[in-house]
Amino acid sequence: MEGYDDPHDLVRDIVSSGLAEKLARYSPMGFTGPMALGGYYFPGAIKKTEDGLDFGEEFKNYLKVLKDKYIGIIMVMAQYHANLGLEYLGTMCPVADEGGGIHQLAEVFAACIAKLPELRTN
Amino acid sequence: MASELSRYEATRQLHDIFTPLAEEVVNSARVIGPRQLYEGIKGCNPVEVSNAQLYVDLPWDVFEGIDADDIAWFARGNPFGNAEPIAGNGFIERVEAANARRHPTIYGDVTQSTDYLSHNPSMNRLFLRDAISSNLFYRHERAAADIFDSVRWKQFESSMRQIPEVERPNIARLLRQRDTNIRKWDGYVPSLQRVDRLVYGQKGMASSYLLDQVLLPVGDYGIEYAKELSATTLAMNTHAQSVLLALPNIVTPDNKQLLTTHTARGADNGADQKSTVTTVAEGILSIGQAIAILTCESWKDTMIHMI
Chain A
1 MEGYDDPHDL VRDIVSSGLA EKLARYSPMG FTGPMALGGY YFPGAIKKTE DGLDFGEEFK
61 NYLKVLKDKY IGIIMVMAQY HANLGLEYLG TMCPVADEGG GIHQLAEVFA ACIAKLPELR
121 TN
Chain B
1 MASELSRYEA TRQLHDIFTP LAEEVVNSAR VIGPRQLYEG IKGCNPVEVS NAQLYVDLPW
61 DVFEGIDADD IAWFARGNPF GNAEPIAGNG FIERVEAANA RRHPTIYGDV TQSTDYLSHN
121 PSMNRLFLRD AISSNLFYRH ERAAADIFDS VRWKQFESSM RQIPEVERPN IARLLRQRDT
181 NIRKWDGYVP SLQRVDRLVY GQKGMASSYL LDQVLLPVGD YGIEYAKELS ATTLAMNTHA
241 QSVLLALPNI VTPDNKQLLT THTARGADNG ADQKSTVTTV AEGILSIGQA IAILTCESWK
301 DTMIHMI
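So the protein sequences, as listed, match chains A and B. Heads up, the final residue of the first sequence is numbered 122 in our numbering, and it's a clean run with no missing numbers. Heads up, the final residue of the second sequence is numbered 307 in our numbering, and it's a clean run with no missing numbers.
Keep in mind that the hints were calculated from the coordinates and are not lab data. Keep in mind the model is a prediction, meaning the values are calculated, not measured. Heads up, a few of these hints could be off.
Claimed, not checked - The calculated label-pair distances, taken between Cβ atoms and stated as ranges, are:
(1) A:Gly3 with B:Glu39: 33 to 43 angstroms
(2) B:Asp254 with A:Asp51: 37 to 47 angstroms
(3) B:Asp272 with A:Thr121: 34 to 44 angstroms
(4) B:Gly43 with A:Glu118: 14 to 24 angstroms
(5) B:Thr252 with A:Gly3: 41 to 51 angstroms
(6) A:Ile71 with B:Asp268: 19 to 29 angstroms
(7) B:Leu245 with A:Arg120: 21 to 31 angstroms
(8) A:Ser16 with B:Glu23: 16 to 26 angstroms
(9) B:Ile32 with A:Asp9: 16 to 26 angstroms
(10) A:Lys69 with B:Ala246: 33 to 43 angstroms
(11) A:Glu57 with B:Arg35: 36 to 46 angstroms
(12) A:Ser16 with B:Val31: 19 to 29 angstroms
Beta carbons: idealized from backbone N, C-alpha and C, even for Gly.
Could you build all of it, start to finish, from the sequences and the hints given here?
Listed below in structure tokens is the structure:
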């Protein structure tokens with residue numbers, strides 16, 4: 001199976017497979033940022049399929065557990081702590097759905113980072 | 001109060017507000033092209049920071065006086081490879097009590113500054129030490145660091161010297177954020193791994209604005225790729241802020257209430273142009289962070305892992 005010696009190719013396929021917005025859709029609020037800030041990652045998070053790239057099963061299950069817990073927390077908080085003003089805790093990023101802006105932004109991101117090595121040498 | 005229905009309805013309405021803003025950023029970025037996009041962060045020079053060196057050991061053993069069997073039991077829940085979850089038996093509470101007795105002033109200050117105990121019954125020894133020591137350090141800064149092990153301190157100081165002095169409080173703020181947030185989830189992360197190195201990038205001129213800086217992991221693809229990710233994230237964010245802040249009337253009488261109650265930045269001080277642009281910029285930051293954590297592991301290594 002073809003590999004990814006060049007990380008820019010991997011970024012391109014992650015974006016074209018929609019994994020950036022999928023992660024925004026499936027993960028709870030306050031997940032991606034602290035993961036990156038803490039230097040954490042999930043081994044085997046990505047797998048190759050006939051249609052491109054997808055999340056590995058273990059990573060999908062992991063995200064499901066987190067998201068279920070998160071939804072439970074915000075629903076309970078909304079029910080019992082109305083005075084805390086926590087309405088802003090949404091169920092997912094509003095532009096991570098079909099037709100949302102994350103995919104386009106990620107495409108620009110991938111195009112720019114692919115161009116960066118060439119820009120640096122010129 | 002937001003019911004489940006209104007929460008989903010709010011998401012739909014927010015989609016209608018933020019998608020055109022994202023399209024504005026995308027279209028303008030495509031017009032100017034990558035070269036001009038990176039011009040916005042000219043002078044940005046991301047630096048490597050060691051993950052381990054960002055922590056400073058406590059001047060005492062946090063498990064002093066705790067039964068060795070208890071520590072072994074606690075360590076079994078290590079999120080670095082063991083899936084067995086730990087059910088609370090009061091272990092952390094006993095560790096906390098023991099430390100609070102021995103070091104009432106400093107430890108009391110630390111525990112009041114973080115909510116890790118209430119969220120994290122499965123935190124292992126490393127995480128506990130990390131949480132206590134990093135919070136301790138960043139609350140007491142150099143005064144507390146003076147009493148730490150000198151070799152570790154010198155390593156840390158050497159790492160921090162690479163970062164201009166005016167930017168150091170910013171990186172401390174980022175690290176505080178990761179410490180308080182990541183522990184909400186670590187009990188459910190049996191396979192989580194952690195890189196040794198991070199890359200810290202900031203826009204050319206010194207700024208305390210959170211979105212003018214980014215801290216990303218350095219994975220298998222190396223430091224140069226991590227620096228590219230850092231630079232691209234900063235460039236996209238800089239461009240987005242510049243384009244969207246110049247737009248007229250993003251916040252209108254019709255959407256102000258929704259943005260105030262249903263976006264985190266709007267809820268801070270009420271929705272305005274800047275808070276709404278910041279919400280978009282945080283989304284762009286998340287894209288950079290998502291790509292960073294998904295590309296920490298090279299594809300080749302992933303295949304070996306799967307076999």
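Structure-based check of all given hints:
1. One distance hint, 33 to 43 angstroms for the beta-carbon pair glycine 3 (chain A) and glutamate 39 (chain B), holds here, with the actual separation near 34 angstroms.
2. Aspartate 254 (chain B) and aspartate 51 (chain A) have their C-beta atoms about 40 angstroms apart, which keeps the hinted 37 to 47 angstroms range intact.
3. As the Cβ distance of aspartate 272 (chain B) to threonine 121 (chain A) is approximately 42 angstroms, the hint placing it in 34 to 44 angstroms holds.
4. In this structure the hint that glycine 43 (chain B) and glutamate 118 (chain A) lie 14 to 24 angstroms apart at CB holds, the actual value being about 20 angstroms.
5. Restraint check, threonine 252 (chain B) to glycine 3 (chain A): a C-beta distance of roughly 50 angstroms satisfies the suggested window 41 to 51 angstroms.
6. At about 23 angstroms, the CB distance of isoleucine 71 (chain A) to aspartate 268 (chain B) agrees with the hint of 19 to 29 angstroms.
7. For the hinted restraint 21 to 31 angstroms between leucine 245 (chain B) and arginine 120 (chain A), the CB-CB distance of approximately 28 angstroms keeps it satisfied.
8. The beta-carbon spacing between serine 16 (chain A) and glutamate 23 (chain B), approximately 19 angstroms, falls within the hinted interval of 16 to 26 angstroms.
9. Range check, isoleucine 32 (chain B) to aspartate 9 (chain A): about 25 angstroms between beta-carbon atoms, so the 16 to 26 angstroms window is met.
10. Between lysine 69 (chain A) and alanine 246 (chain B) the beta carbon distance is about 40 angstroms. The supplied range of 33 to 43 angstroms therefore holds.
11. For glutamate 57 (chain A) and arginine 35 (chain B), the Cβ-Cβ distance of about 41 angstroms falls inside the hinted range of 36 to 46 angstroms, so the restraint holds.
12. Evaluation of the 19 to 29 angstroms hint for serine 16 (chain A) and valine 31 (chain B) yields a pass: the beta carbon distance comes to about 22 angstroms.
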